[in-house]
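Novice: Those protein sequence lines, which keep their order, are chains A and B. Under our numbering, the first residue of the first sequence is numbered 1, with each subsequent residue one higher. Under our numbering, the first residue of the second sequence is numbered 1001, with each subsequent residue one higher.
This list has only true hints and no planted wrong ones.
Far from chain A by the CB rule (all over 10 Å, computed), these chain B residues:
id : residue
1  : A1113
2  : A1119
3  : A1192
4  : L1198
5  : R1208
6  : D1221
7  : P1237
8  : Q1374
9  : L1425
10 : R1430
Beta-carbon label-pair distances, calculated as ranges:
id : chain 1 : residue 1 : chain 2 : residue 2 : range
11 : A       : Q192      : B       : S1039     : 52 to 62 Å
12 : A       : D451      : B       : G1376     : 49 to 59 Å
13 : B       : D1072     : A       : R49       : 52 to 62 Å
14 : A       : N219      : B       : A1192     : 28 to 38 Å
15 : B       : S1394     : A       : G427      : 15 to 25 Å
Calculated directly from the structure, the hints in this document are not laboratory data. Keep in mind it's a predicted model, so treat the numbers as computed, not measured. Even for Gly, the Cβ is constructed at its ideal location relative to N, Cα and C.
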Amino acid sequence: MMRWLGLPLALIGSVGCATGGAAPPAAGPEAAAAAEAEDEVAPYPSTYRPLPSQPTLIRNATVMTAAGPTLEGASVLLQDGRIVAVGTGLAAPAGAVVVDATGKWVTPGLIDTHSHLGVYSAPGSEALSDGNEATQPNTAEVWAEHSVWPQDPQFPLALAGGVTTMQILPGSANLFGGRSVTLKNVPRRTVQAMKFPGAPYGLKMACGENPKRVYGSRNQFPSTRMGNFAGYRKAWIDAVEYRDKWRRWREGDRDAEKMPKRDLELETLAGVLDGDILLHQHCYRADEMAYVLDMAAEFGYRVSSFHHGVEAYKVRDLLAAHEVCANLWADWWGFKIEAYDGISENIALVEEAGGCAIVHSDSAEGIQRLNQEAAKSLRAGIAAGIAVDRDDAIRWITANPARALGILDHTGTLEPGKMADLVIWSGDPFSVYSKPDQVYVDGAVAFDRFDPARQPKTDFELGLPAKEVAW
Amino acid sequence: MVRSSTQRGLAAMALAGALALPAAAETVAIVGATVHPVSGPRLDNATVVISDGRVAAVGVGARVPAGARVIDGAGKVVTPGLLDSFTRLGVVEIGAVAGTRDYATQDDRITAAFNVVDAINPFSSLLAVTRVEGITRAVVAPAPGASLISGQGALIDLGAEPAPDLAGMVHKNPVAMFAVLGESGAQKAGGARGAAILRLKEALEDARDFAANRRAWQTGDRRDYALSRLDLEALLPVVEGEVPLAIHVDRAADILATLRLAREYDVILVLLGAADGWMVAEQIAAEAVPVVVNPMQNLPTFDNLGATLENAARLHRAGVTVAFASFDAHNARNLKQAAGNAVAYGMPWEEALRAMTATPAKLWGIADRYGRLQVGMDADLVVWSGDPFEPLTSVEHVFVEGREVPMRTRQTELLERYRTLDEALPPAYRN
Chain A
1 MMRWLGLPLA LIGSVGCATG GAAPPAAGPE AAAAAEAEDE VAPYPSTYRP LPSQPTLIRN
61 ATVMTAAGPT LEGASVLLQD GRIVAVGTGL AAPAGAVVVD ATGKWVTPGL IDTHSHLGVY
121 SAPGSEALSD GNEATQPNTA EVWAEHSVWP QDPQFPLALA GGVTTMQILP GSANLFGGRS
181 VTLKNVPRRT VQAMKFPGAP YGLKMACGEN PKRVYGSRNQ FPSTRMGNFA GYRKAWIDAV
241 EYRDKWRRWR EGDRDAEKMP KRDLELETLA GVLDGDILLH QHCYRADEMA YVLDMAAEFG
301 YRVSSFHHGV EAYKVRDLLA AHEVCANLWA DWWGFKIEAY DGISENIALV EEAGGCAIVH
361 SDSAEGIQRL NQEAAKSLRA GIAAGIAVDR DDAIRWITAN PARALGILDH TGTLEPGKMA
421 DLVIWSGDPF SVYSKPDQVY VDGAVAFDRF DPARQPKTDF ELGLPAKEVA W
Chain B
1001 MVRSSTQRGL AAMALAGALA LPAAAETVAI VGATVHPVSG PRLDNATVVI SDGRVAAVGV
1061 GARVPAGARV IDGAGKVVTP GLLDSFTRLG VVEIGAVAGT RDYATQDDRI TAAFNVVDAI
1121 NPFSSLLAVT RVEGITRAVV APAPGASLIS GQGALIDLGA EPAPDLAGMV HKNPVAMFAV
1181 LGESGAQKAG GARGAAILRL KEALEDARDF AANRRAWQTG DRRDYALSRL DLEALLPVVE
1241 GEVPLAIHVD RAADILATLR LAREYDVILV LLGAADGWMV AEQIAAEAVP VVVNPMQNLP
1301 TFDNLGATLE NAARLHRAGV TVAFASFDAH NARNLKQAAG NAVAYGMPWE EALRAMTATP
1361 AKLWGIADRY GRLQVGMDAD LVVWSGDPFE PLTSVEHVFV EGREVPMRTR QTELLERYRT
1421 LDEALPPAYR N
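The task is simple: from the sequences and hints, build the whole structure.
Specialist: Encoded structure:
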């Protein structure tokens, strides 16, 4: 039987491996038994199982590994859900499926660090609006996964765009929006069966206009940016105290009578303080990002990444020095004052400064075309004489997002030993005319543009008019 | 005197606009380019000459006039400047700042009479941001406010020198009367689609009656109308067939209802959105009604369960006249990307270009001046580094009515200011 001993402890057991260099925990019965023995099983564990796959050799493609230069006429060998080899002159093992990818391009599966699929599902109604618990400014206690609807028809659209992994975040109405979840983009009946095994949780925080507008318009706290910061700091003070209280108890005699009461909100914040939960902060303005970094120093935690960051270019030196990833749009700007200074060179400038640049979508439309968004950013950078190239641009939608989500050791590049998450493109992925022909998740064909049997359809789509066919 | 923040804001915008003054019209020859004149097939290694604001010559081996500025077009692609058939350019500066939004009114006595032109800000930073990406003309459309009749839109020229009186900027006004049906219309009509149709019919009937009995109405000898006098007057050119009625509607059944309404009231109809249009493409084609679509609209809602990336291609194949629109403001510049996606999903390339040039020129009634690279037409043209629909292609030159517009925007100013982070002097002392 599973006993519960408090989340801060449990998290160390459940997600520590994802931030380290080890492989994700085997999700088999042995692993479950081992975890149970240690009483350290996190709740709602991933029950993800890869789709059935066969050993596969994808041959004679242009391969962008996101871990080095583009390889021409190269092959990728997949076996047991993993990448076994990448290079030229690879032979197909006996019984392997050989895919002739002559004229095609292969990239890692795309990763979107900022998605609300499943929490703002199509067909878009109030009943499916589950992304913002906008009833109090600190809802660190909510978990996005409890809102995700696996039948959101936007998941297969993202898959058809080559997206194999997504971080689903709560919205930005609150100072502390809640916990994110990282999902593999495979159609399953439950959210747990989509959860990326071993991926750390994230915490969504929000700067600036949104929280102060949402609560200020109700004449509630916070209504100003200084109110926002006071709200963050009060919560971190409580979190430090909570973390210490549990630490003392765990390091003491562990008297069950004296075990502190769990607090869902503070558990998540304590997870950030302990480094187990990655902090993703929605922040547009340069000056606010600088303050957020100071606040992290004040309380002793790390900011993993800023999201939206339309002014990241103004503090790109600071972001690089703090090794904070910047999750950015190619060209969104002007929809509110804090987005007024958006420029198309933002991503390229962050890259040039040695930062961790990421193209994110925050959009059910944009997630279908992350490759085109990266291409626009690349073009803007090159046109401005910024030192960026195509191999950088592929990392903006693969390796760098994997790094921001703490899963780079498992996916995000085409390197032996990693999950075989990849896309075979009909052509250059930075061309508007190229489309994913096949999308592999853990070595299995999760989407095939030419095989209706490999075009997943959610329950919602049954009985609807016919959609895309292969062109 | 202390200036208000609004005044300071306007001054800042005026400055941004002033930085982008177009050069005077001159004689220019673009030589050796791949030219897509739209009026005919692609020309390789061709020359385009522009003079006095007009296209003076297009062709392989066209003579370069003495004294012309020559642009080497080798490896470049030339097309007409693009037209976005539905934007909010000039009537919003910052989406979330209500004071900068002028595209809708909640006043139910000003519906059809509402005209976006009265609010277009010629110094809006969005205009330059859009035109340096190759979009030289745009329909500026109102949004529904209190009524399902949104009001009148205008077609603007993005290259005009910014002048407070909009001189040279408004190409056609009104370009259309805008309205919504379907789910949006229902929301404005008590909550049901059927009521929205009735409200629109009522408005058209009142306008017809008003046209025929204006004097009697003025002396109180005619029935009351549901619309205000201003709205009725604004609808006259619609019921008289002089101004098209552009109706945003997505669901297939709503599109058919809209086609019936247009036939019954004999108005010139333009369908906007039409996400489910492909499902009733033959009926739309039979009525010869043009459709303005966003080719990237494919997320299903209960108002458009058939939305697909293939909509534009399927409509075209059925013989429907298709134009493209971004339905955006700040990123209207992504119209080209939308066109590329339409091509990726089956639209012939030449037709995608036509959907942003000659086709909207015709449907908005400006084909006499714009839309094709033909002798005598306004010299709106773009020199691209390659295929204009490709995201890796850059815009190299933009001409609007023969004037080359500078490739400067508020955003290029920001880029210059922050190109280096050398702290010897803070950025505020740069450019």
